[in-house]
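So the sequence lines, in the order shown, correspond to chains P and E.
For the record, in the first sequence the residue sitting at position 236 is 236 according to the working numbering, with numbers rising by one throughout.
For the record, in the second sequence the residue sitting at position 199 is 199 according to the working numbering, with numbers rising by one throughout.
These aren't lab readings, by the way, just hints derived from the structure by calculation.
The beta carbon of each residue, even a glycine, is placed where N, CA and C say it ideally should be.
Check the hints yourself; a few may be wrong.
Below, a list of computed lysine to aspartate or glutamate pairs in the DMTMM-like style, where the Cα atoms sit at most 20 angstroms apart [what the hints assert, rightly or not]:
no.: 1; chain 1: E; residue 1: Lys291; chain 2: E; residue 2: Glu280
no.: 2; chain 1: P; residue 1: Lys178; chain 2: E; residue 2: Asp114
no.: 3; chain 1: E; residue 1: Lys178; chain 2: P; residue 2: Asp114
no.: 4; chain 1: P; residue 1: Lys252; chain 2: P; residue 2: Glu280
no.: 5; chain 1: E; residue 1: Lys178; chain 2: P; residue 2: Glu115
no.: 6; chain 1: E; residue 1: Lys53; chain 2: E; residue 2: Glu115
no.: 7; chain 1: P; residue 1: Lys178; chain 2: E; residue 2: Glu280
no.: 8; chain 1: E; residue 1: Lys258; chain 2: E; residue 2: Glu280
no.: 9; chain 1: P; residue 1: Lys53; chain 2: P; residue 2: Asp234
no.: 10; chain 1: E; residue 1: Lys258; chain 2: E; residue 2: Asp293
no.: 11; chain 1: P; residue 1: Lys258; chain 2: P; residue 2: Asp101
no.: 12; chain 1: P; residue 1: Lys258; chain 2: P; residue 2: Asp98
Derived CB-CB ranges, DEER-like [to be verified]:
no.: 13; chain 1: E; residue 1: Glu240; chain 2: P; residue 2: Leu49; range: 14 to 22 angstroms
no.: 14; chain 1: P; residue 1: Thr182; chain 2: E; residue 2: Arg45; range: 24 to 32 angstroms
no.: 15; chain 1: E; residue 1: Glu183; chain 2: P; residue 2: Gly105; range: 52 to 60 angstroms
no.: 16; chain 1: P; residue 1: Asp114; chain 2: E; residue 2: Asp114; range: 19 to 27 angstroms
no.: 17; chain 1: E; residue 1: Glu172; chain 2: P; residue 2: Glu172; range: 18 to 26 angstroms
no.: 18; chain 1: E; residue 1: Pro214; chain 2: P; residue 2: Asp5; range: 43 to 51 angstroms
no.: 19; chain 1: P; residue 1: Ser4; chain 2: E; residue 2: Pro107; range: 54 to 62 angstroms
no.: 20; chain 1: E; residue 1: Thr11; chain 2: P; residue 2: Ser307; range: 36 to 44 angstroms
no.: 21; chain 1: P; residue 1: Arg45; chain 2: E; residue 2: Glu185; range: 18 to 26 angstroms
no.: 22; chain 1: P; residue 1: Pro107; chain 2: E; residue 2: Arg174; range: 15 to 23 angstroms
no.: 23; chain 1: E; residue 1: Arg174; chain 2: P; residue 2: Gly212; range: 51 to 59 angstroms
Now the stretches of chain E that chain P is said to cover, found in silico as 3 or more residues with beta-carbon under 8 angstroms [stated by the list, open to error]:
no.: 24; segment: 166 to 174
no.: 25; segment: 209 to 222
no.: 26; segment: 263 to 273
no.: 27; segment: 297 to 305
There are 2 protein chains.
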Amino acid sequence: MAASDFTNRLTAVATETEALLDRLLDGAVLPGETARPLRLLEAMRWSALGSGKRLRPFLVVETAALFGAARDGALLAGCALELLHCYSLVHDDLPAMDNDDLRRGRPTVHRAFDEATAILAGDTLQTLAFDIMARDEVHGEPRVRIALVRELARAAGLGGMAGGQMLDLSAEGRFETKRALTEPEIVTLQAMKTGALIRFACNAGAILGQAGAPSRASIERYGAAIGQAFQIADDLLDVEGDSAQLGKAAGKDVAAGKATLVAVLSIAGARARLDHLIAEADAALAPFGAKADTLRATARFIAERQS
Amino acid sequence: MAASDFTNRLTAVATETEALLDRLLDGAVLPGETARPLRLLEAMRWSALGSGKRLRPFLVVETAALFGAARDGALLAGCALELLHCYSLVHDDLPAMDNDDLRRGRPTVHRAFDEATAILAGDTLQTLAFDIMARDEVHGEPRVRIALVRELARAAGLGGMAGGQMLDLSAEGRFETKRALTEPEIVTLQAMKTGALIRFACNAGAILGQAGAPSRASIERYGAAIGQAFQIADDLLDVEGDSAQLGKAAGKDVAAGKATLVAVLSIAGARARLDHLIAEADAALAPFGAKADTLRATARFIAERQS
């Protein structure tokens, strides 16, 4: 697939995601009889709208397409996932957590609003994610929607994203004596903290398409590879990237002494690992032939992105 | 129903809830291949275990019983709801929110652990609530479980609990010039902040029992009445209660200038409103005859509780 074709597809889904998120977070959707906590809604919109590659919705839409699931439902499921991702960003940026002032080139929610509003906005983005994932429009079969809800909860919870963030804070030496994590510990931490939602994005398309077990296994393998690749690329950008292009401070993870594979493997070793993971992602997609070309291009994009 | 019979029923459900929550939050439930963010799990257990009347699970179990739904599933749904309630307590207690040091007679999560852990514990309690609500064991029909997930999300989100908390913070004058709320504004705020989850608890039993529309409407009316009664009783306890018995500081809401009906209606006026709401709850239950005696006793318990 030509790079420009891939970029067009990615941009198309990002545009559709943005428009759908805008509708989902419209003030008019508040039930008429309730008072209108507009400040909370504005903070949710601040977090969820305006930018972002929308990589997770893209993965849902493209894996759903691979298995012949309807695009509209996949896009809505992708928006639910994106809202859950946004919740995690809002809370991770809080002063008590990573204490970040900038996100995607703009003030973080607690800087643009205040800390209480940011806590509530993150909370409500998570709630809305589950609300949307359960809606009829995602898929006609309740059993498909309930499977999505359960998998999303597992990806986001104690054994996934939130648990990974806890391990990350622990690794900084906040609660116990700081010690360097081993390579397998870092791989596990990252598979939880960032990998779980990316794996879920891929699995969601397979669930929507009611794919069989062998296909599910292939997509799981692909998702695991690109999830790890995503984090290594992120860690490399922190070391080598440009703050303006990133929209956040470069070098911050190194300064915080965050556990990254770049620190353990060196830059060259991390690049080699990245190449290996892209090959692994390609191998996982072999059973699908040319139909999976967009997913192949996505793996490459993840490895080579500059922001 | 004799007061002792009611107390026995309430205590029985509280005991079962405690045991089930303990199992649901057991360290052994973490998937084997993940690292174990035990500090996070401990903080979740600190919040969810050890005390509490378990009024919301009780309402789920008793309304489910009224409609002939299985007790085991209702208890599990009740635990999911209780975990969501616990998340809201952990976050509301945070320094940036209500800044409370005591909850149920013990240090709040951010005092017993730290702020980052408390934010993550709240987040993960919410995730786990949706995880559990979606489980097969709640009800054999996926469409029943998906209805529970959707209703829980609506009760917890922007138009419900979280939106109400935002309105409550606004009413304190944090974001705009403080002004006294009108009585209808206070009623709406409270219907969102605390009423929504109590209404959901009642509705959940009706959903589990696949009750028809007239029964659903009766239970909705009952839930709305006891939800409002619960908050008025809470506000009266803040004014008249004893800190030791409450397990938290009395007089705190008055000191913070919180919007309460006691402030608007006076103590006598609030007591009269409480009596009116209990009569309203009784009237809503009329179609069910003696089968609803436990729910009648629950309304009385809510009005007369001392903690």
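So, going through the hints one by one against the coordinates:
no.	hint	verdict
1	Lys291/E to Glu280/E	holds (17 angstroms)
2	Lys178/P to Asp114/E	holds (17 angstroms)
3	Lys178/E to Asp114/P	holds (17 angstroms)
4	Lys252/P to Glu280/P	violated (30 angstroms)
5	Lys178/E to Glu115/P	holds (19 angstroms)
6	Lys53/E to Glu115/E	violated (26 angstroms)
7	Lys178/P to Glu280/E	violated (59 angstroms)
8	Lys258/E to Glu280/E	violated (26 angstroms)
9	Lys53/P to Asp234/P	holds (14 angstroms)
10	Lys258/E to Asp293/E	violated (35 angstroms)
11	Lys258/P to Asp101/P	holds (18 angstroms)
12	Lys258/P to Asp98/P	holds (11 angstroms)
13	Glu240/E to Leu49/P: 14 to 22 angstroms	violated (46 angstroms)
14	Thr182/P to Arg45/E: 24 to 32 angstroms	holds (28 angstroms)
15	Glu183/E to Gly105/P: 52 to 60 angstroms	violated (45 angstroms)
16	Asp114/P to Asp114/E: 19 to 27 angstroms	holds (20 angstroms)
17	Glu172/E to Glu172/P: 18 to 26 angstroms	violated (34 angstroms)
18	Pro214/E to Asp5/P: 43 to 51 angstroms	violated (57 angstroms)
19	Ser4/P to Pro107/E: 54 to 62 angstroms	holds (58 angstroms)
20	Thr11/E to Ser307/P: 36 to 44 angstroms	violated (57 angstroms)
21	Arg45/P to Glu185/E: 18 to 26 angstroms	holds (24 angstroms)
22	Pro107/P to Arg174/E: 15 to 23 angstroms	holds (19 angstroms)
23	Arg174/E to Gly212/P: 51 to 59 angstroms	holds (54 angstroms)
24	166 to 174	holds (count 5)
25	209 to 222	violated (count 0)
26	263 to 273	violated (count 0)
27	297 to 305	violated (count 0)
Checked against the numbered hints given earlier, the structure breaks hints 4, 6, 7, 8, 10, 13, 15, 17, 18, 20, 25, 26 and 27 and satisfies all the rest.
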